[in-house]
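Starting from the given sequences, assemble the full structure and let the hints guide the process.
Protein chains in written order, with the numbering used here: chain S, 1 to 240; chain H, 1001 to 1240; chain P, 2001 to 2240; chain D, 3001 to 3240; chain F, 4001 to 4240; chain L, 5001 to 5240.
Since the hints were made in silico from the structure, they are not lab data. Quantities reported herein were computed from a predicted structural model and do not represent experimental measurements. Certain hints may be false.
When the alpha-carbon atoms are kept at most 20 Å apart in a straight line, the in silico SDA-like pairs for lysine to any residue are as follows [claimed, not checked]:
#1 L:K5006 - F:N4178
#2 L:K5003 - F:V4193
#3 S:K142 - S:R112
#4 D:K3109 - P:D2086
#5 L:K5185 - F:T4188
#6 H:K1003 - S:G190
#7 H:K1185 - S:F23
#8 D:K3185 - P:H2009
#9 F:K4091 - L:H5116
#10 D:K3185 - P:E2092
#11 P:K2109 - D:G3029
#12 L:K5006 - F:T4188
#13 P:K2003 - D:K3109
#14 P:K2003 - D:K3003
#15 L:K5109 - S:P118
#16 F:K4003 - L:H5116
#17 L:K5185 - F:V4193
#18 F:K4185 - L:E5144
#19 F:K4003 - L:K5091
#20 P:K2185 - D:Y3015
#21 F:K4003 - L:D5089
#22 P:K2109 - H:K1185
#23 S:K185 - H:H1031
#24 D:K3003 - P:E2092
#25 P:K2185 - D:G3029
#26 F:K4142 - F:K4185
#27 D:K3091 - F:V4193
#28 L:K5091 - L:G5029
6 protein chains.
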Amino acid sequence: MRKLLKGVHQFQMNYFSSHREFFEQLSQGQHPRILFITCCDSRIDPNLITQTEPGELFIIRNVGNIVPPFGVHANAEAAAIEYAIDVLDIKEIVVCGHSHCGAISGLLKGNRLSDHLPSVHAWLRYAESTRRVVLENYQELKGEELLSAAIEEHVLIQIENLRTYPSVHAKLYGGQLNIHAWVYKIETGGIIVYSAERCNMRAEHESRFTEPRLDELETDDDSDNHHLDRNSVSAPLAVE
Amino acid sequence: MRKLLKGVHQFQMNYFSSHREFFEQLSQGQHPRILFITCCDSRIDPNLITQTEPGELFIIRNVGNIVPPFGVHANAEAAAIEYAIDVLDIKEIVVCGHSHCGAISGLLKGNRLSDHLPSVHAWLRYAESTRRVVLENYQELKGEELLSAAIEEHVLIQIENLRTYPSVHAKLYGGQLNIHAWVYKIETGGIIVYSAERCNMRAEHESRFTEPRLDELETDDDSDNHHLDRNSVSAPLAVE
Amino acid sequence: MRKLLKGVHQFQMNYFSSHREFFEQLSQGQHPRILFITCCDSRIDPNLITQTEPGELFIIRNVGNIVPPFGVHANAEAAAIEYAIDVLDIKEIVVCGHSHCGAISGLLKGNRLSDHLPSVHAWLRYAESTRRVVLENYQELKGEELLSAAIEEHVLIQIENLRTYPSVHAKLYGGQLNIHAWVYKIETGGIIVYSAERCNMRAEHESRFTEPRLDELETDDDSDNHHLDRNSVSAPLAVE
Amino acid sequence: MRKLLKGVHQFQMNYFSSHREFFEQLSQGQHPRILFITCCDSRIDPNLITQTEPGELFIIRNVGNIVPPFGVHANAEAAAIEYAIDVLDIKEIVVCGHSHCGAISGLLKGNRLSDHLPSVHAWLRYAESTRRVVLENYQELKGEELLSAAIEEHVLIQIENLRTYPSVHAKLYGGQLNIHAWVYKIETGGIIVYSAERCNMRAEHESRFTEPRLDELETDDDSDNHHLDRNSVSAPLAVE
Amino acid sequence: MRKLLKGVHQFQMNYFSSHREFFEQLSQGQHPRILFITCCDSRIDPNLITQTEPGELFIIRNVGNIVPPFGVHANAEAAAIEYAIDVLDIKEIVVCGHSHCGAISGLLKGNRLSDHLPSVHAWLRYAESTRRVVLENYQELKGEELLSAAIEEHVLIQIENLRTYPSVHAKLYGGQLNIHAWVYKIETGGIIVYSAERCNMRAEHESRFTEPRLDELETDDDSDNHHLDRNSVSAPLAVE
Amino acid sequence: MRKLLKGVHQFQMNYFSSHREFFEQLSQGQHPRILFITCCDSRIDPNLITQTEPGELFIIRNVGNIVPPFGVHANAEAAAIEYAIDVLDIKEIVVCGHSHCGAISGLLKGNRLSDHLPSVHAWLRYAESTRRVVLENYQELKGEELLSAAIEEHVLIQIENLRTYPSVHAKLYGGQLNIHAWVYKIETGGIIVYSAERCNMRAEHESRFTEPRLDELETDDDSDNHHLDRNSVSAPLAVE
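Written out as structure tokens, the structure reads:
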């Protein structure tokens, strides 16, 4: 804790004192443009990796950046999503997963967690789709590879879960909201970006007037993404 | 989103490229020393105000930095707390509230939220103690003053709620865990620090062998804080 | 009841006695090909409108043909969906709404139901997305028209909710499951068919009538099909 | 699906076109006389076995025709029961089980379902009474015989569960509602009918004006009827 | 508290010291014969009104001696009932209501409680059947009379709710358990006794071997007993 | 039951008839001074061990005298606590555990209960803190000794859980409520008294202006108790 308090002191001496007015202004109210949902993992610093200032990102952090489907009584995520959209009028949502995620790796262990980590196990039930998808469709993968596949499928599933929230659905419907899925690769600093909006559109577009070329199909709509080799997946979209 | 992706690019070009090895190492695993629970509010950047690096803080962020008492089935906070203590072996927890908190201000509105913000309203039920405490004990306060009082009482109540979690209770009991309540003042960069753990020890210690000094007394136990004039409360401990 | 028992008697004398072997065989086990989810409404007879025999449709009927998003503890729909897919290996799901639906019309009344119909009101919370979508996007509609719009949006939303179920998601992913949304028009006997798997293309297609211009593409997104004139929507797909 | 769509076409060409007015009328509103609760099992067609027309039966179908006791938050059955009684003013309820029920047979497997069919297992918890009753009172039975016993006990228990719903209880009390338990035997087309109403009053009657004789007291217990040879049980009432 | 501690002291000096062996024996284990469920109301002392010793009554006390129907996750009553029957092998259950019950009187106020007594209001939802029964069937009553009617109906409903518990149902079924409903009249010391067991069997019996006469069918309904003049109701059984 | 009814008769003939006026008065309303929370265990008679009359103790009895932390929807304890404080204006709460508690002993068995006592197991989850505390901090103890330690820790934890209730917290805050933890030793008639309220006051008080006396220190704050040798713990306060 000493270190932490020292840090606070430094912040005050340096950063804060040189931004007094900015913070004074911030204290008047927040107007974030983006709802950023990510994992509790200590290795992720949303403001650092996006180079954003205080006031820009409204942030939810939970174990495994899980978005439980709408309907669970009184849960934290529902409150934050509702607040972001209906109170703060946010129009962009990013669900950001990350490589080497302990939650997803625990998820793949299934019921073996239930005895010694009952609360983690119960929480991970909301991510059961991720587990089922990889177990049934990635039999060929193991260890790190299986984990990477699960992590990517997981963020894609969470953006679908987001769509089950009334406020999200209503805004998406009106074209007033965009949802994005990211996977942050700690070791490379790379971010794979899946844009729900864009990819659906693509798929529709191409599926319509042209005989789609295989490589395009790859990114054609999120269910589609599932079929591809994960490396190429978001090559065109990845920011590396 | 363009701005955000630009930010990611900057991060990669500058910060990341100059810390490749550090991130390479981080990707091997996380060993955070502190569980940091704070609000979704965009104006709070935990790593900035504590001047910490990626890897140091395991972070939960929800609306109002609420710690629901233990027992609610499958909630995010229980999973994160259990993971932090039983998996990551974390020994310090900080619950960090902040000035001008929209959640607490919504809480003081009571049932008026239930119609247009049903999920926020349901979630805030877990903070009902905060509402009751200020309504019954701060009748003389209004507006900003009432809100400040509520924000401070709120963090003190959340650290009590933390004690209801089995893993937290067992470690506190064994003296292997410390819990701290902070209130971050956006406009001044100041942080009021309440240390539940230290004070219990202290209290015992001092109540036994020494005539405690007044400034120490201020923080001698969280119930204690409640009896003090809120302004002076944490003066001695506040880092301003 | 006398009438009902008479009916049973007729059934036995006529239909059953002329199909003894068929029923004998049925008693050996069921092998339905389709999971059919529809409303409790007495005016819907799934086997009649699809001209199917006993043994062909595995049927869930609840108020408003609602599919609560996955995650609610111990609910009937989750059990039936899991049973249909993981036990019966069903590969086609139809969610069938209908015109003049009392549940949807109740839904549009919002909280006014909570006092005298508390259980109906609580159940309809799972359909809140439908309410939000029409309230925010069909301000121009009233009465019957608004109801029709809500009924159609509702089935589209339920097929999205279906995707949140682990077994559904895993099979969709593997291309082993198709989901269809129907709206049955009692007065015309017509059925509007939305095919989630196929539709993302089809529906989109028809919804356009024009070679989309790039700038339109930007906002192209599956909610798009929602924007169309409801009559023309699925004309080509509608079976009338 | 082609077959299903063909069926719809047939329905429209034949049945519908020859009943246009009837359906036109139906579209004006529903006035069902009976709430019919049965299993999702594809082999059951309520309208067929009772030879009823669209508009006559308000139907709930779930796995195992289970009526969870009142009190579970926001469940489908509570909504449908409340709607049937308080909105549609229905005065007759039939809970219809059936032979060879996969749900009951799964129920008898107990916790062995929990791993691979978690949602089915959780749902069947509401039918635990059925499992306990047969396990403790039918030790002599095995296989098909045990299953048949369970299926019959199960419907009797569900009509008791119905009584726990406020609207049901209030109407039963006023003599404005009748509840019936049926077991449909797929192989014989037979239906065993249990009528809940008939029993209690008489007994109450007797317990009032006569000093019960000891020998009566001994065997006095409603479960008694359960001890009867199941075949004869409802012989007089069975419609075979 | 002084008074209470004085009381403890008296107990030790007098009662305990003169019953040392009895308590020594008790400490070896409990073998109660009866599960007694009553209200928290301070005016009820189960051991006093039944003149029983420590060790005889296993006691549940909650607001309004409510037995929530089976199925609510992790509730106190389910645990106590299961423990009483499956661990202690208890064979008699008494649900004891009482005159002037504040909980029932609150129940009759309905939703007016929800704002200032949210937890009481939520709990009383389990007693909604009582409210509905009296509101719909005792319109002629007011004040004290209405309350008395509600209190009596309430205990009868709770013994029905008891039947929804698997362990209760299984034992009732086997004739190994008896359930009794009592209403204790504080002012007269009288107790009205309803014995659930006695009624049903006979009726079942009759419904079997005789073709029920139409006129019986009409009035056939267990709620009938409720129509009797409440004073005479259990006259023969009442202990006054 | 005969015995019980005889007991009622005796009560009426003797105790009641000699206290007619007292009961007449009681029937006017209750004004208990204390909320007494204890176990269902038949060996505990709160009025006997405190030598109190009807009307003095508002009593909650559940398996293991557990106070689930605030937040669980519609639970009995929340209703009773709210009623006691907000309706009856009670200012003293006693949580009374007891030696040889079957619930705590079941708790120490952990998941082994889940199959044959599912409801008890689910309920005991709320006491998981007790299990964790003794398992991690009393490795040296076994059998009866371990059980005694668990029973004492358990009541201390329940008084912390009480603090999570809004009405409790608000009153404690204002110094208008005192909470006490007792352990009743069946075999000795002794009661160990932990006084949460007094000790907080004391601790503050003493930690400030006086050199506390050792015997007071023993109970100087509940976290404190945890560090003491359990035998000496409450010696000074125990009433034996």
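Going down the list of hints, with the structure as the test:
1. L:K5006 - F:N4178: With a Cα-Cα distance of about 17 Å, the restraint between K5006 (chain L) and N4178 (chain F) holds, given a limit of 20 Å.
2. L:K5003 - F:V4193: It holds: about 14 Å lies between the C-alpha atoms, which stays within 20 Å.
3. S:K142 - S:R112: Cα-Cα ~18 Å, so holds.
4. D:K3109 - P:D2086: Given pair K3109 (chain D), D2086 (chain P) holds - Cα atoms ~16 Å apart, limit 20 Å.
5. L:K5185 - F:T4188: 36 Å, violated
6. H:K1003 - S:G190: 16 Å, holds
7. H:K1185 - S:F23: 10 Å, holds
8. D:K3185 - P:H2009: 14 Å, holds
9. F:K4091 - L:H5116: 19 Å, holds
10. D:K3185 - P:E2092: 28 Å, violated
11. P:K2109 - D:G3029: 18 Å, holds
12. L:K5006 - F:T4188: 17 Å, holds
13. P:K2003 - D:K3109: At roughly 38 Å apart (the allowed maximum being 20 Å), K3109 (chain D) and K2003 (chain P) break the hint.
14. P:K2003 - D:K3003: 33 Å, violated
15. L:K5109 - S:P118: It holds: about 16 Å lies between the C-alpha atoms, which stays within 20 Å.
16. F:K4003 - L:H5116: 43 Å, violated
17. L:K5185 - F:V4193: 35 Å, violated
18. F:K4185 - L:E5144: Judged against 20 Å, a Cα distance of about 43 Å means the pair is violated.
19. F:K4003 - L:K5091: 14 Å, holds
20. P:K2185 - D:Y3015: 15 Å, holds
21. F:K4003 - L:D5089: 18 Å, holds
22. P:K2109 - H:K1185: 43 Å, violated
23. S:K185 - H:H1031: With a Cα-Cα distance of about 18 Å, the restraint between K185 (chain S) and H1031 (chain H) holds, given a limit of 20 Å.
24. D:K3003 - P:E2092: 12 Å, holds
25. P:K2185 - D:G3029: Holds. K2185 (chain P) to G3029 (chain D) sits at ~13 Å (cutoff 20 Å).
26. F:K4142 - F:K4185: Answer holds: K4142 (chain F) to K4185 (chain F) is near 19 Å, not above 20 Å.
27. D:K3091 - F:V4193: 31 Å, violated
28. L:K5091 - L:G5029: 18 Å, holds
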